[in-house]
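Visitor: Single-letter residue listing:
Number of protein chains: 2
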Amino acid sequence: MRFAVGQLKGYCRNTMLAHGVDADCAETVADMLLDAELTGVATHGVSRLAIYMERVDKGLVSKHNDVRIVRESPSTLAIDAGNSLGAVGAKFAMEACIRKARETGCCFATVKNSNHFGAAAYYTRMAAREGMIGFCCTNLTAKIAPHGAAEPFMGTDPISVAVPSNGFPVVLDMTPSVVALGKLILAQKLGKDIPLGWALDRDGKPTTDPAAGRAGSLIPIGGPKGSGLALMVEILSGVLSGAGTATHLHDLYEFDAPQGVGHFLGAIDVGHFLDVGAFRAGVSAMTDEVKGLRPAEGVDEVLLPGERAARSAAEKAAVGIDVPDAVCAELAALGEPYGLKLKEC
Amino acid sequence: MRFAVGQLKGYCRNTMLAHGVDADCAETVADMLLDAELTGVATHGVSRLAIYMERVDKGLVSKHNDVRIVRESPSTLAIDAGNSLGAVGAKFAMEACIRKARETGCCFATVKNSNHFGAAAYYTRMAAREGMIGFCCTNLTAKIAPHGAAEPFMGTDPISVAVPSNGFPVVLDMTPSVVALGKLILAQKLGKDIPLGWALDRDGKPTTDPAAGRAGSLIPIGGPKGSGLALMVEILSGVLSGAGTATHLHDLYEFDAPQGVGHFLGAIDVGHFLDVGAFRAGVSAMTDEVKGLRPAEGVDEVLLPGERAARSAAEKAAVGIDVPDAVCAELAALGEPYGLKLKEC
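Chains as they are written, first to last, in the numbering used here: chain A, 247 to 591; chain B, 247 to 591.
Treat the hints with caution; some may be incorrect.
Identical copies look the same in the list; a pair holds intra-copy or inter-copy alike.
Here are the computed lysine to any residue pairs in the SDA-like style, where the Cα-Cα straight-line distance is at most 25 Å [as the list claims (entries may be wrong)]:
| hint | residue 1 | residue 2 |
| --- | --- | --- |
| 1 | K451 | L539 |
| 2 | K451 | V573 |
| 3 | K451 | G256 |
| 4 | K304 | L442 |
| 5 | K451 | P441 |
| 6 | K429 | G394 |
| 7 | K429 | L442 |
| 8 | K589 | L284 |
| 9 | K304 | D277 |
| 10 | K451 | G469 |
| 11 | K451 | S293 |
Hints listed in this document are in silico derivations from the structure and should not be mistaken for laboratory results.
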């Protein structure tokens, strides 16, 4: 089924309201989910609403905006999200960072007692829209083995940086593992082997069996490099926030306890370093230069980080968002008890 | 030859003084070179003094501390290094960031018109010693091909993050390429092939020939991930600083012009988020947990980022620093015209 952006967003928001979620929280989460759909990250889009509502209904996530500032300095914030929906604490943190960075030049915030917040790029793009450089990372349950270890320790912790230009923002949003867990799940469904270098089995041996990899751990990019990056995310999101590191967190798809994840976000205001126009022009000159490089064999076009997302957003804003039938059925089931109808464009 | 730390540092400092370098600049550079030797990064240690002095003698690098603050906010600094020796501007920037972060919670600085600054971890460890989280990156001449491109654009731009704990600091210091250029140079010297996945030839094709790889480009870790990280370093160090991106810089080993590289450094003061003791204990609990993981097959011990460096520093501070004969000959030649003698322990 195909939906207009506002229509699908409205349905998500109304469904959350029907489940008792505060209006401001419902608006924030709906906006975040639709942003993921627009930018082509459907894995973090409306398909997540069902699990979010299941956790809310079970009392594992607060229906309210229970976010509060625990500690504040001119350029830092320590935030307790009070087990609010993940996007609520993270968006609050980035908005506060942007406001404070406007004054002092930069601001960084930690968030603890939080939940799955969707795609990290949603928050960094907020900063880029304000002429700032945005940073965001979060931790999640343990899936990646540290370099040299046979067991997982770090989550598939995303790292995002977004930068304004004269055109689309340059947006990096990456996990420090060679592949996301989703690629193993897909290979298993299709009965296919995975390449060596993606995962270790439960004994820490490289494996081509996706099921063995899922039971074991993911391999970080660049060995000690990706491993070190993921550990730094654990430190920033887990230790500096007080949330705890990956092995002490709870999974989105298990119902034993609140997730308890931590985030680390920040904004650097370009205008405190140089004229924002000059910066935007400099970034655009760089992207022009990169676009002008000879493509590698078998590559049609050199793409910048964030370029595919920008194209997807422009296209989907115009033609609408296609949602697979299985996801539509899930969405419809969420609203149906409350008399809400999911309607096609 | 083996040297006591103070002795080798003194020789480096006196050699720089003899070449006309300002006393404070000579002290900073000598300290940075010896820190690299101590932490086991000999590639960035005293073996670099000869090229630094050759550039100074040729007038390509200033003998003076010409660093000045161009723009300042409560939590940001834009610095012009005035073509001073690289360590001079970078150390000044990190010291200023630490001072300002103590007040506001964090501070980030750009540095332009700078030069090769040695190992990035030297600067981030300064912050960790003060109970802060240190960040540092720099750009260098173009060597890494963006994901999907057949030509180099980004430098082998190091990224360092350092974090205090109760024991050794956790220190990441990585380039976003699969291997450093030095590994290709070594393979070529030894007449050996390199594995596919390290480098592209001049046509952008994967190559096993180290000479072809040197003429071509290095491959980033994790495809678009390492590529995106390197582009972000170019933006922070090259565009935000005003220094320019990799393709517009000059090489340390070419004598056509000042290098003109840019740095980006910062410090986040842990004490503005939570009690520093609690943070250190949290990081140590994490490192204990990682050390306690089962090692992968063929691995004796799981090592944390910065652990090898800390062991090396403790050992070398006690027994001294071994310098290869070829490097000793270079060092001796630098001081000899001024009557300086390089003496063993």
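Visitor: Confirm or reject each hint.
Guide: Going down the list of hints, with the structure as the test:
no. : hint         : result
1   : K451 to L539 : between (39 Å within a copy, 14 Å between copies)
2   : K451 to V573 : neither (36 Å within a copy, 41 Å between copies)
3   : K451 to G256 : neither (48 Å within a copy, 49 Å between copies)
4   : K304 to L442 : neither (40 Å within a copy, 51 Å between copies)
5   : K451 to P441 : both (13 Å within a copy, 21 Å between copies)
6   : K429 to G394 : both (23 Å within a copy, 21 Å between copies)
7   : K429 to L442 : both (13 Å within a copy, 23 Å between copies)
8   : K589 to L284 : within (18 Å within a copy, 67 Å between copies)
9   : K304 to D277 : within (23 Å within a copy, 59 Å between copies)
10  : K451 to G469 : both (15 Å within a copy, 23 Å between copies)
11  : K451 to S293 : neither (33 Å within a copy, 39 Å between copies)
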